[in-house]
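Asker: Could you build all of it, start to finish, from the sequences and the hints given here?
The primary structure of each chain is shown beneath.
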Amino acid sequence: MSRSLAIAGRELRAYFLSPTGYVVAALFLLLLGIVFIVRAFDQGQPASLRPVFDIGAWVLLFICPAISMRAISEERRLGTFEALMTCPVSETEVILGKFGAGVGLLCLILAPTGLYVLALELYGRPDYGELASGYLGMLLAGSAYLATGLLASTLTNSQVVAFLVTMFFWLIVSVSTKVLPPLLTETWARPIFAVDPDLRLKDFAMGLIDTSNVVYFVSIIVIFLIGAVKSLEARR
Amino acid sequence: MIVARRLSKRFGRFHAVDSVDFEIPRGQVVGFLGPNGAGKTTTIRLIVGYLRPTQGVVRVDGLDVATDGRRVRQRIGYLPESAPLYGEMRVSEYLKFRARLFGLERARRGPAIELALRRCRLSDVASRPIDQLSRGYRQRVGLAAALLHEPEVLILDEPMVGLDPSQILEVRKLIRELAGRHTILLSTHILPEAQQTCDRIIMMARGRIRAAGTIDELRSLASRGNRYTVETDAPKAGAVLTELRGVARVEALGSDGRWARLVVTSLDDALDLREPIFRALAERGGAVRELHSEAPSLEHLFLEMLAEAEADYARREGGRDGAAA
Chain S
1 MSRSLAIAGR ELRAYFLSPT GYVVAALFLL LLGIVFIVRA FDQGQPASLR PVFDIGAWVL
61 LFICPAISMR AISEERRLGT FEALMTCPVS ETEVILGKFG AGVGLLCLIL APTGLYVLAL
121 ELYGRPDYGE LASGYLGMLL AGSAYLATGL LASTLTNSQV VAFLVTMFFW LIVSVSTKVL
181 PPLLTETWAR PIFAVDPDLR LKDFAMGLID TSNVVYFVSI IVIFLIGAVK SLEARR
Chain W
237 MIVARRLSKR FGRFHAVDSV DFEIPRGQVV GFLGPNGAGK TTTIRLIVGY LRPTQGVVRV
297 DGLDVATDGR RVRQRIGYLP ESAPLYGEMR VSEYLKFRAR LFGLERARRG PAIELALRRC
357 RLSDVASRPI DQLSRGYRQR VGLAAALLHE PEVLILDEPM VGLDPSQILE VRKLIRELAG
417 RHTILLSTHI LPEAQQTCDR IIMMARGRIR AAGTIDELRS LASRGNRYTV ETDAPKAGAV
477 LTELRGVARV EALGSDGRWA RLVVTSLDDA LDLREPIFRA LAERGGAVRE LHSEAPSLEH
537 LFLEMLAEAE ADYARREGGR DGAAA
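Quick mapping for you: the protein sequence lines, in order, are chains S and W. For the record, in the first sequence the residue sitting at position 226 is 226 according to this note's numbering, with numbers rising by one throughout. Every number in this note's numbering is 236 more than the matching position in the second sequence, counting from 1.
Check each hint, because a few of them may be wrong.
[What the hints assert, rightly or not] Quick partial rundown of chain S residues pointing at chain W, CB under 7 Å, derived from the structure:
no., residue
1, 3
2, 4
3, 14
4, 82
5, 83
6, 86
7, 87
8, 89
Hint data in this document are derived by calculation from the structure and do not stem from the laboratory. Just so you know, even glycine gets a beta-carbon here, dropped at the ideal spot from N, CA and C.
Answerer: Put into structure tokens, the structure is as follows:
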């Protein structure tokens, strides 16, 4: 565990010693800031961040793969991976450390949006339950994308490939779960609906914490992290 | 300290390491010597558990690397080829990170880092980002990182590559200093390097061990005798010298009409043939204007070994192709 923390700490600092962390954070906040000003922070609008969460979930689809793509690929390319894996650390500790760093960065990127909440509080009466639920949804979805990206990063030395595979995986899941069901019978359409992450994120943004939604994202995280560990083990 | 038995690693059809056996005793400096692609790095990666063998076992301090990998890695300090480091970190930060990965308790980290910095003469660059350091410094940072947890075994893959001559001298000195405290295994493709740094040499080529022993043992393998170069005007010098006791063979290198140049190889190197050679030639009324002896050279053995390895490899590959067809 302390080894995972050491790895996570190093990784998180590396994000901010290179432009990656700043660029990702700046672009994300710029986009959400625009959405907030235009769609949420206006007279007559409810004191809610729902439009921000709706767009934010989509933006995470591009941001998270960019965060996770370097995790293993970059270390492989630089050769530091060999130095790391010949320390007395297990594959699980490495993956948990890298995943922890990604989630940590995600939290740091989301943190400044707290200013929006402050603005809502100053000019209205926001529903904090709904806000917390929205943030939980963002965090869960982001973590699921990060876990996917981590697996992709163990499979290739190329960051670009890791990025594209992760992003397209979720784009395909997201789009196909919307286009396919109308073409299918009810029995087939229903399980496909269940895989759609966007419907579940909408629930979170509305303030609805449905256990099945939490289970959905947590299972995805666990499955992809196990996949990443197995992929590292297979490499030896 | 390190024992390998029938150790093999295949990548697809390629036999990177082919049924290798060796033992590395505690406290020695042992060198893997061989050309690029000999299987040195792969063998090292099998020892440190970075790769899993296709066949065979490696034990470090009695622990099987396959089942006790973590405990083995705790006992090893490993510097991979070309010293990969996180460039954005400062030297002391990197060492602290490594200290945590090796499970050093908080109280021990500071002193351990101090000691490693001092031993590798890095104290003056401790707060510099690794990216800004020269090749020689980076190599020493890698070495400091490998030393940090006072491992029983130190494994260095090509520690001298890319260094300038003065840096090589420094790293070599450092390795000799460390020799007392650690068992050291290093790999190199440069023979003089191995000769100057190692107690024992394991020569590898094409995935197999071709010769192993101390420098002296290898030398006696290289040739069973010394070589004497003679320049004389004695008549029929070749025949005369061949008759001499203790002579294995005589080669004529050429003659300019009066002076003939010959190389005499002795049967073993215990006997000094210089005097008998001189007396035999003088008895025939010849003058000797040059006579000197050479110890058998390791270069000779090294080159012979490479040629043999190539021939053997061609044979084996031929056999495999034949079997496949």
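Asker: Hint by hint, say whether it matches the structure.
Answerer: So, going through the hints one by one against the coordinates:
{"no.": "1", "hint": "3", "result": "6 Å, holds"}
{"no.": "2", "hint": "4", "result": "10 Å, violated"}
{"no.": "3", "hint": "14", "result": "6 Å, holds"}
{"no.": "4", "hint": "82", "result": "5 Å, holds"}
{"no.": "5", "hint": "83", "result": "5 Å, holds"}
{"no.": "6", "hint": "86", "result": "5 Å, holds"}
{"no.": "7", "hint": "87", "result": "4 Å, holds"}
{"no.": "8", "hint": "89", "result": "6 Å, holds"}
Violated hint: 2 only; the structure is consistent with all others.
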